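Residue numbers (my numbering), protein chains in the order written: chain A, 8 to 452; chain B, 5 to 331.
Simulated from the structure, these hints should not be mistaken for lab results.
Values in this document were obtained by computation on a predicted structure and should not be read as measured data.
Be aware that a few hints might be false.
[What the hints assert, rightly or not] For each label pair, taking beta carbons as the anchor points, the in silico distance ranges come out as:
1) A:L86 x B:K130: 37 to 45 Å
2) B:L172 x A:T273: 20 to 28 Å
3) A:R122 x B:F181: 53 to 61 Å
4) A:A60 x B:L173: 34 to 42 Å
5) A:G374 x B:L172: 45 to 53 Å
6) A:G206 x B:R229: 40 to 48 Å
7) B:G182 x A:G389: 40 to 48 Å
8) A:L86 x B:V48: 34 to 42 Å
9) B:A183 x A:D277: 38 to 46 Å
10) B:L173 x A:T273: 18 to 26 Å
[To be verified] Interface residues of chain B toward chain A, partial, derived using beta-carbon atoms under 7 Å:
11) N69
12) G73
13) P75
14) D94
The C-beta atom is built at its ideal place from N, Cα and C for all residues, glycine as well.
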Amino acid sequence: MSARTRRRSRAVVLGAGLSMTMVLSACAGGGESAAGDTEGDGVVEVWAHSGQAAEAEALEALVEQYNGSQEDVSVELTLIPEADYTSTVQATAAEDLPDVMEMDAPTMASFVYDRKLVPLDGVVAQETLDNRIEGVRESGTYQDQTYAVGMFDVGLGLWGNQQLLDAAGVDAPATADEAWTAEEFEQNLQKLAEASPSGNAIDLGEANGFAAEWGTFTTSPILWSNGGTLIRDGAAEGVLNSAENVEAMEEWASWKEHTDPNTSGTAFPDGDVALTWTGNWMYPTFSEALGEDLVLMPLPDLGNGTKAGHGSWQWGVTPAAGGDQAAAGAFLDFLHSDESIARMVEANAAVPGTTSALEGSELYGAGGPLELFADNLASACGSENVTQECIAVARPITPGYPTVTSSYGGALAAIWGGADPQEELDRAARAIDADFEDNNGYQDE
Amino acid sequence: MTTTPGLAAPPSPVPAPAGPGGAAPRRGLRRDNLAGPLMAGPAVLLLVLFVAVPFFAAVGFSFYNVRLGDPRDPAFMGLTQYARIFTDPDVSGRFLSALLHNLVFAAVVVPVQTALALALAMLVQKSVPGIGIFRSVFFLPVVFPIALVALIWRLILARGDDGLLNSLLAFFSGGNFGAQDWLGSELTALASVIVLSIWQGVGFQMVILLAALQQVPADLYEAARLDRANGWQRFVHVTLPGINTTLVFVALYTMILSLRVFDQIYVLARSGGGLNEDATRTVMYEAVTSAFDENNIGRASAISVVFFVIVVVLSLIQRRATRERED
Chain A
8 MSARTRRRSR AVVLGAGLSM TMVLSACAGG GESAAGDTEG DGVVEVWAHS
58 GQAAEAEALE ALVEQYNGSQ EDVSVELTLI PEADYTSTVQ ATAAEDLPDV
108 MEMDAPTMAS FVYDRKLVPL DGVVAQETLD NRIEGVRESG TYQDQTYAVG
158 MFDVGLGLWG NQQLLDAAGV DAPATADEAW TAEEFEQNLQ KLAEASPSGN
208 AIDLGEANGF AAEWGTFTTS PILWSNGGTL IRDGAAEGVL NSAENVEAME
258 EWASWKEHTD PNTSGTAFPD GDVALTWTGN WMYPTFSEAL GEDLVLMPLP
308 DLGNGTKAGH GSWQWGVTPA AGGDQAAAGA FLDFLHSDES IARMVEANAA
358 VPGTTSALEG SELYGAGGPL ELFADNLASA CGSENVTQEC IAVARPITPG
408 YPTVTSSYGG ALAAIWGGAD PQEELDRAAR AIDADFEDNN GYQDE
Chain B
5 MTTTPGLAAP PSPVPAPAGP GGAAPRRGLR RDNLAGPLMA GPAVLLLVLF
55 VAVPFFAAVG FSFYNVRLGD PRDPAFMGLT QYARIFTDPD VSGRFLSALL
105 HNLVFAAVVV PVQTALALAL AMLVQKSVPG IGIFRSVFFL PVVFPIALVA
155 LIWRLILARG DDGLLNSLLA FFSGGNFGAQ DWLGSELTAL ASVIVLSIWQ
205 GVGFQMVILL AALQQVPADL YEAARLDRAN GWQRFVHVTL PGINTTLVFV
255 ALYTMILSLR VFDQIYVLAR SGGGLNEDAT RTVMYEAVTS AFDENNIGRA
305 SAISVVFFVI VVVLSLIQRR ATRERED
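So that you can see chain A by itself, here it is in the shape it has in the complex:
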């Protein structure tokens, strides 16, 4: 997707948003009844993001299968390109949304705040809720209510090339307890850089851009592992710019020396570097390229235990569903059946989102090659109370998340470029706090 088309469609979105704002202010005080109490018409409109082709195909097949399985309800699926998905939902008024929509995990709270999601208790079946894995439960909950359910989750890990590890005489840790300490990690980077054909030890995902969402996703485990976090109680001052975070960022920036810019995009699968720091979704590519030489390791432990980010696409029901809420819930129940999930994760290699589907998974089940990701997700916690024990940590669940990630991402890009971590994090913290203050702390009323 080129930035030019993205910008063009953003312009369209802005146009829509602006006119919407005008309409809103024109009929301020008009109440919000419209969608709430209409009769169901048996049609469930669904919006989803269109990312990987295999994933979209799997979803289309599932919708077709559902429509063919009964006569009462018909599901109409609209796919929206991933790059524009969130801004499209953001710029659409609640009553114009479909009945069911997909969303990226950290955007959920912002949509709840904008009154674009309804609580799912009583909408989807209790079994569906009970069957969720811990990571999905965690990232679908906001203010003690469930607003989203997910068919799958993702995790971050450290992947290694056994041949190069052997050449450098480095042992790969297999479990979270054995994760390398910061010191070991540095030493190993040094050794592996010498053993790797490119002269660099690791691909940290620099080619994905640290200023965008990837930066927040991929580096926050370092903060958590060093005892810090992004925000707490809606405040960033003293949290984001804490001594722990500054230290973590200094550590991270020091790895640059051994980091491959990965301009080819294939540094790790080509065997140019020994390590890469990325998510489970790369497994199909990596295992095909490296075969038996592919090893999965926990991310380094900077003192507070190894941590890994998680949170992926999930499903919610909007107020627009009105009388179709039951039908919308039934469709979500169908999507979260073991069969549906199996079909989806076969397409995207993600971690199955339900306990029952996870148990049966060849990749993530007991003894599977990616069991580590499933283990991580089994001990998930929120970013405000990260403990030594929990491994998978979700990004902050707050309506102010867009500012949090944008400000922190800007700081990351600067720090990677050589700027002073303390200064950058101070500035990011001030920007986040100013935004929360402008919006009354994103309190709901």
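Since the structure of chain A is already known, use the hints to place chain B on it.
Same frame as chain A, now just chain B:
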């Protein structure tokens, strides 16, 4: 936007001949009265709809805390956003450095790109067989999408020994010149963007100047030759005066486009060029990221309004300067 103009058509390099006596005849005035506005109508309507209305909406939004998709009424903030742009150290620091980057960009790109375009135009002016291919080659980057341009330059400027530029420098310096982080370093990031922008945009200016060069009457050169003027003298006394109007236009247009720089910085900073955001941020970049990454339409609007005023002032100064030159 790159330094490649989008829609606006360049004015004819040769001024249209004026009517007898220098003024247009005044016959048919009454019918013109009706026909003129009628024909201008659709354009004016679109202009109002897509330029004036959004602009005044932006002025309005800049006084409120507007978030896209928020069902609550926007809170009135008065001049807070403007005050922040000029006094809050964080916000104004970023805005002023963005403005500075725009001005540095324009100060370098306008003269360099115009001169380079002129040199290229003179180079490809000759009508030798196959010259069309050369013209196309120089013009090619203009039609490249920015994503492709970014990809090409990411490979060239990549940090580390694998980068094309770094390996080239290492080769010619016998390994004495260490690998540079061209896009990431504070010192070279803006310069890299400037080089890339000129590379992409110069072809367009070249084509305009080429058209102007071909309009310079050949007998002037012939006369100059008879007067034993050398190449440099012919350039200064025949070529330059002959294309003066176009040259001014090209410089003006490049200036306006330099102020709108956004694409290359967004793509290189956001999609993994490793571009140093702080060292290259421009005002447009600041406005767009405020609006869409931070969902702060109010601040983005205020930035746009302030920038609009700055651009208007700059354009007025430039218009006055170029008028004097044309007279």
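Results for each hint:
Between L86 of chain A and K130 of chain B the C-beta distance comes to about 53 Å, which lies outside the given range of 37 to 45 Å. Against the hinted window of 20 to 28 Å, the Cβ-Cβ separation of L172 of chain B and T273 of chain A comes to about 23 Å, which satisfies the hint. Evaluation of the 53 to 61 Å hint for R122 of chain A and F181 of chain B yields a pass: the beta carbon distance comes to about 59 Å. Checked against the hint of 34 to 42 Å, the C-beta distance between A60 of chain A and L173 of chain B comes to roughly 41 Å, which is consistent with it.
Here the CB-CB span from G374 of chain A to L172 of chain B is close to 51 Å, well matched to the stated 45 to 53 Å. A hinted range of 40 to 48 Å for the beta carbons of G206 of chain A and R229 of chain B is inconsistent with their spacing of about 59 Å. Range check, G182 of chain B to G389 of chain A: about 45 Å between beta-carbon atoms, so the 40 to 48 Å window is met. Between L86 of chain A and V48 of chain B the beta carbon distance is about 39 Å. The supplied range of 34 to 42 Å therefore holds.
Between A183 of chain B and D277 of chain A, the C-beta spacing of about 20 Å breaks the proposed range 38 to 46 Å. The supplied range of 18 to 26 Å is met by L173 of chain B and T273 of chain A, whose beta-carbon atoms lie about 25 Å from each other. With a cut of 7 Å, the hint placing N69 of chain B at the interface with chain A holds, because the nearest CB-to-CB distance is about 5 Å. With a least beta-carbon distance of about 4 Å to chain A, the hint placing G73 of chain B at the interface is held under the 7 Å criterion.
Residue-level restraint check for P75 of chain B holds (minimum Cβ-Cβ distance to chain A is 5 Å; threshold 7 Å). Because the smallest distance between the Cβ of D94 of chain B and any Cβ of chain A comes to about 5 Å, under 7 Å, the interface hint for this residue holds.
Violated hints, listed in ascending order, are 1, 6 and 9; each of the other numbered hints is respected by the structure.
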